[in-house]
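Trainee: Whenever a hint applies, use it, and build me the whole structure from the sequences.
There are 2 protein chains.
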Amino acid sequence: MSRAGAGFRIIRRWAVLVLYSVVLVSTAFAQSDPLPSCNSGASKQAIVAFVDQVTSKGSSKFVPPAERIAVFDNDGTLWAEQPMYFQAFFIFDRVKALAPRHPEWKDKEPFASILKGDFKSALAGGEHALLEMAMATHAGMTTEAFEKIVDDWIRTAKHPLTGRPYTEMVYQPMLELLAYLRTNGFKTFIVSGGGIEFMRPWTERVYGIPPEQVIGSNIKTKFEMREGKPVIVRLAEINFIDDKAGKPAAIQHHIGRRPIFAFGNSDGDLEMLQWTAAGGILRPELLAL
Amino acid sequence: MSRAGAGFRIIRRWAVLVLYSVVLVSTAFAQSDPLPSCNSGASKQAIVAFVDQVTSKGSSKFVPPAERIAVFDNDGTLWAEQPMYFQAFFIFDRVKALAPRHPEWKDKEPFASILKGDFKSALAGGEHALLEMAMATHAGMTTEAFEKIVDDWIRTAKHPLTGRPYTEMVYQPMLELLAYLRTNGFKTFIVSGGGIEFMRPWTERVYGIPPEQVIGSNIKTKFEMREGKPVIVRLAEINFIDDKAGKPAAIQHHIGRRPIFAFGNSDGDLEMLQWTAAGGILRPELLAL
Chain A
4 MSRAGAGFRI
14 IRRWAVLVLY
24 SVVLVSTAFA
34 QSDPLPSCNS
44 GASKQAIVAF
54 VDQVTSKGSS
64 KFVPPAERIA
74 VFDNDGTLWA
84 EQPMYFQAFF
94 IFDRVKALAP
104 RHPEWKDKEP
114 FASILKGDFK
124 SALAGGEHAL
134 LEMAMATHAG
144 MTTEAFEKIV
154 DDWIRTAKHP
164 LTGRPYTEMV
174 YQPMLELLAY
184 LRTNGFKTFI
194 VSGGGIEFMR
204 PWTERVYGIP
214 PEQVIGSNIK
224 TKFEMREGKP
234 VIVRLAEINF
244 IDDKAGKPAA
254 IQHHIGRRPI
264 FAFGNSDGDL
274 EMLQWTAAGG
284 ILRPELLAL
Chain B
4 MSRAGAGFRI
14 IRRWAVLVLY
24 SVVLVSTAFA
34 QSDPLPSCNS
44 GASKQAIVAF
54 VDQVTSKGSS
64 KFVPPAERIA
74 VFDNDGTLWA
84 EQPMYFQAFF
94 IFDRVKALAP
104 RHPEWKDKEP
114 FASILKGDFK
124 SALAGGEHAL
134 LEMAMATHAG
144 MTTEAFEKIV
154 DDWIRTAKHP
164 LTGRPYTEMV
174 YQPMLELLAY
184 LRTNGFKTFI
194 VSGGGIEFMR
204 PWTERVYGIP
214 PEQVIGSNIK
224 TKFEMREGKP
234 VIVRLAEINF
244 IDDKAGKPAA
254 IQHHIGRRPI
264 FAFGNSDGDL
274 EMLQWTAAGG
284 ILRPELLAL
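Just so you know, the protein sequences line up as chains A and B, in that order. Just remember that this note's numbering sits 3 ahead of the position in the first sequence, which is counted from 1. Just remember that this note's numbering sits 3 ahead of the position in the second sequence, which is counted from 1.
Calculated from the structure, these hints are not laboratory results. All of these numbers come straight from a predicted model, not from anything done at the bench. Among the clues, some could well be false.
Given that identical chains are not distinguished, each listed pair holds provided it fits within a single copy or across any two copies.
No more than 27 angstroms apart at the CA atoms, straight line, and that leaves these computed lysine-lysine pairs for BS3-like [unchecked claim]: (1) K247 to K60; (2) K151 to K225; (3) K223 to K247; (4) K119 to K99; (5) K64 to K232; (6) K190 to K232; (7) K232 to K247; (8) K99 to K123; (9) K64 to K151; (10) K123 to K64; (11) K190 to K225; (12) K123 to K60; (13) K64 to K161; (14) K60 to K109; (15) K223 to K151; (16) K109 to K99; (17) K232 to K99; (18) K99 to K151; (19) K223 to K111; (20) K119 to K161.
Mentor: What follows is the structure in structure tokens.
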């Protein structure tokens, strides 16, 4: 949510990779390349060397499988984030879908601009405008109803510039990296500024990451009985923003142990990378994949 | 935390088992009993029949492994809770350990009574008194420091009545049930009113449940840099009470999908059981193991 507020802002794009222990030795991974789409030889070597170290029983850097926690940012890391966070497009589409129930939106910003198709004016109010639309469209229904809304949208919506489904705008080298880590006993988590329930309906299908390994920003909820049926209702109140210093706190809250591998692409990931690196890193490396 | 406030209160002890689908058919589990310590033939049959149903590929009740989520209460379910929640003894021991740094506690209730060994008077203030002591002893340090405090305590402390380590006061039939479910592809979670960071240092060793599958009450935290080192500091402010209606909300927050199996022993577990049962139960059964 908070990061979505950046909207059209140009984000300094850099990829940072933190390894528990990186020793750039040449390794015998040539015969079957686990990361065929990774262009950078040095980065690939570093990753493979790291995985070899933490998974080799004789190694002084051996990490038991249960402790092989890897965390990934989502927007700009696992899938694209241009020209703005994809969740913003979801919010705009929800505003349009709900407009018939809200005749007052025609004269009320930022909703009025969205309904005219003028995203730029709608976002002139910055993060606050986006948050207001998020609360108006992401709350007031049960968790089950919201899951269905997200699932329907992600299966049908198309990116305005590429015309492709959003779930096809994921980075192939990252899918290979996720699979490679899992093959080596890692548990892969998403730690994103995006909405936790916006991601969970599709991350397992797209990234192989189940909902219980998805961490994100979230709103408050309330359990109640409705006509004898238990439901969890989504409330229009922020519970937690999973960005910047929030990321390591959320990692501790959800996972309860420090990752040994973290991957992010923006300044919102810095604290998560610091937290991961401080777990015992010998040579922190900043590597562009 | 909140449930710990019940202190010496006699709790109606009942065990409730919710099964996604229970059909009491006799099954062919006799040749190798997966639950040798389970006394109740009917309960055992129901569990085995349920597991057979959800794991048999041809079954109309088949559940893919990724969706086999099982949740367990802790106090009174996986380990004992008499004469009071074990975390209360931890709190008392911490008050005593920290007393030299807090000379004012000698004249201040409920601390003064604890220091005299008079637990009953200390708890006369009910839940509020226990919470005050919890905040005074569970916050103000880093997550790493607290983990070490808990780990040291759980490895050395003895239950005042039995003289045994607390981690030996776990229920053998439940350990067998956890293992049986995991053997059948289930992911087992704890959903407890106890403190999340009070449980995580030992649940993997004792129950085979890793920290990321432990859900509990928790306090707010704050990430910060201390002398160039990133730390997460525990704050003396409740973030979430994982009890009653909080349990299904916490399940949604941490797991993001509905369990198909839930096990609890008190009214604090009712909503969690309702939420699980409403996922598609055909014949809800209340079974005393």
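Trainee: Look at each hint and say if it fits the structure.
Mentor: Results of checking the hints against the structure:
no. : hint         : result
1   : K247 to K60  : neither (35 angstroms within a copy, 44 angstroms between copies)
2   : K151 to K225 : within (18 angstroms within a copy, 34 angstroms between copies)
3   : K223 to K247 : both (20 angstroms within a copy, 16 angstroms between copies)
4   : K119 to K99  : within (10 angstroms within a copy, 66 angstroms between copies)
5   : K64 to K232  : between (51 angstroms within a copy, 21 angstroms between copies)
6   : K190 to K232 : between (35 angstroms within a copy, 26 angstroms between copies)
7   : K232 to K247 : between (38 angstroms within a copy, 16 angstroms between copies)
8   : K99 to K123  : within (16 angstroms within a copy, 61 angstroms between copies)
9   : K64 to K151  : between (44 angstroms within a copy, 22 angstroms between copies)
10  : K123 to K64  : neither (50 angstroms within a copy, 50 angstroms between copies)
11  : K190 to K225 : between (30 angstroms within a copy, 25 angstroms between copies)
12  : K123 to K60  : neither (55 angstroms within a copy, 52 angstroms between copies)
13  : K64 to K161  : neither (45 angstroms within a copy, 35 angstroms between copies)
14  : K60 to K109  : neither (64 angstroms within a copy, 53 angstroms between copies)
15  : K223 to K151 : within (19 angstroms within a copy, 31 angstroms between copies)
16  : K109 to K99  : within (11 angstroms within a copy, 64 angstroms between copies)
17  : K232 to K99  : neither (30 angstroms within a copy, 47 angstroms between copies)
18  : K99 to K151  : within (17 angstroms within a copy, 52 angstroms between copies)
19  : K223 to K111 : within (25 angstroms within a copy, 36 angstroms between copies)
20  : K119 to K161 : within (19 angstroms within a copy, 69 angstroms between copies)
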